[in-house]
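**Student:** What follows is the residue order along each chain.
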Amino acid sequence: MFSLRFLKIWVGGAILSVLLVCGVAAPLLAPRDPQAQTLEDRLRPPRWVETGLPAYLLGTDNLGRDMLSRIIYGSRISLMVGVATVLFAGLVGCALGAVAGYFGSTTDEVVSKISEIFLAFPFLLIAIAIMAFLGQGVGNLIMALMLSRWVQYCRVVRGEVLSLKERDFVTAAKALGGRDFYVLLRHVVPNTLASVTVIATFGMAIVIITEASLSFLGLGVPAHIPTWGSMLSEGRSYINRAPWLTIFPGMAIFVTVFGINLLGDGLRDIFDPKLRRQR
Amino acid sequence: MNTLKRRIIGAIPVILGISFLIFLLMHIAPGDPVTLLLGDDATPADIERTRREWGLDRPLMVQYWDFLTRAVTGDFGRSLKFNEPVMKLVWERLPATLELAFASLLVAISIAVPLGVYSAIKHNSLLDHAGMSVALIGVSLPNFWLGIMLIYFLGGQLNLLPVAGRIEYGIEIKSVTGLYLLDSLLTGNLPAFWSASQHLLMPAVTLGSALAAIITRISRSSVLEVMRQDYVVTARAKGLSEKTVIWRHILRNALITIVTILGLQLGALLSGSVVTETVFSFPGIGDLLIQSISARDYKLTQVLILMFAVTYFVVNLLIDVLYSWIDPRIKF
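Line by line, the protein sequences are chains B and Z.
According to the numbering used here, the residues represented by the first sequence are 592 to 870, in order.
According to the numbering used here, the residues represented by the second sequence are 318 to 649, in order.
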């Protein structure tokens, strides 16, 4: 029962839960205001290093801001952007994919052509392009990431719907007088949810890395909001003097993404019987 | 050959769509690019003149048509930041990005394919589990963080490798192809070759790491899939040596999936180069893109994004053609 498969889900789920708790309860968990500057304590190393201060567990940055509090608050943006993007991109992609796959003909052709155009861009590039022209901002960031991710859901759902609509239970539902949209929503779409859950999980990991990359490049959220990517970017100038400014935010991104990927791996192992056979 | 022709013709509307989308982006951007570029001190007359110079006072479709007709002749206008023709800047920077992409691809393939194949052949062994764990870590590592950590440890602490640029300052290199490694070999300039290799190593590892992780996983699952096919059982049953079975029957068939994924991942490699080049101040197209964005040089940004997208699209088309060579059953 407690095989490696479930271990992945447990560990991944635990890491994601920690992220959720940090994001939601940041004001309660963070020991200090993430923006509060104490200039006399700037560039203090973590507490366990000789010159570190007990008040700052993970040290301070170049403006004397508490690293731990900033990392905890940084999880909010990762979480918010991750969840919102996956949700919106999933909704748009699944809806378009389902309609294209189910109704076929012109609808399918139009949706396929549009997705082909989006597929022609590497997704980070779509996000960079949109952010370059629209400017920084959480809303813009979510939109940019959504526009770069919806197509993954659309393709997978379209493919699944194409095969599902030929199945007997769909024919039976139609024979009983079910209308197209009813059959699609009640019988076809629910059967695609397993794959969608797996893509959404991996998608969230990709979105979190992409958000961090964009913030690192200065194309993410405005500079005053602490994010892991922008912390890394700021800390880069102090890499030799204060490596903790880059080590901890990077660790936060890595552990989060690792946890989500682990969860995705575990879910895929369970949902994909073909893979299960390979183990 | 007909299918190939059809694919090329089918690519035209997609490329037009891409170019229109990028063109449109510049116009839906909040605020007037001219005002943004000229700043708050610009007089209305300055703004009006620049708008006319850029042709921004004309209807959108006319501007797009003008953009297209110029683009097919290779004229993309001048960069506002560098005050040079856009294409000149692109040609200057392109070799650096290509060199980096090739080097990362080499790093990724040389680590990932053997590891993935070996993991599959010895599957469920300790090495298999270790390989897969490393691959999972590789997929989860943000490459810009890995780059910064390499700079800190290998560049700063151990002082083993240079941390920025393409070649050591002061070393001259005669340009033949623009690819420093190749040029230095062609001209027999060994110090330049050594310096360029040193400068390329960390960026290539940074950019190639995520790709290596993905290819390892795909190689493993693809080989596992092929190993269960009837023709592999037949090959073993007729007494072929294990080496022949692996090389001729398993690897060749598993290669199709690996090549597909390589093609799909090339996009990640291209866009990853933007981040990696920024981390290592590597003077390629990606670095130029970020510079153009921060200078609000919309024209240059537009062309660079278009170039990335078209390159990605064309490479994927080429990968399709490559299939017919790997798998003779697929005919174009």
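If you're looking for bench data, these hints aren't it; they were derived computationally from the structure.
Be aware that one or more of the hints could be misleading.
[Claimed, not checked] If the Cβ cut is set under 7 angstroms, some of the chain B residues that face chain Z in the computed set are: (1) 683; (2) 686; (3) 690; (4) 712; (5) 833; (6) 837.
Ideal placement from N, C-alpha and C gives every residue a C-beta, glycine not left out.
**Student:** A separate judgement is required for each hint: does it hold in the structure or not?
**Tutor:** Results of checking the hints against the structure:
With 7 angstroms as the threshold, the beta carbon of residue 683 of chain B stays out of range of chain Z, its nearest partner Cβ sitting at about 16 angstroms, so the hint is violated. Interface hint at residue 686 of chain B: violated, since its Cβ lies 21 angstroms from the closest Cβ of chain Z, which is beyond the 7 angstroms cut-off. Given the 7 angstroms rule on beta carbons, the hint for residue 690 of chain B is violated: about 20 angstroms separates it from the nearest Cβ of chain Z. Hint on residue 712 of chain B holds. Least Cβ distance to chain Z is approximately 5 angstroms, under the 7 angstroms limit.
Interface restraint check for residue 833 of chain B: the shortest CB-CB distance to chain Z comes to about 11 angstroms, outside 7 angstroms, so the restraint is violated. The interface hint given for residue 837 of chain B holds, since its Cβ lies 5 angstroms from the closest Cβ of chain Z, which is under the 7 angstroms cut-off.
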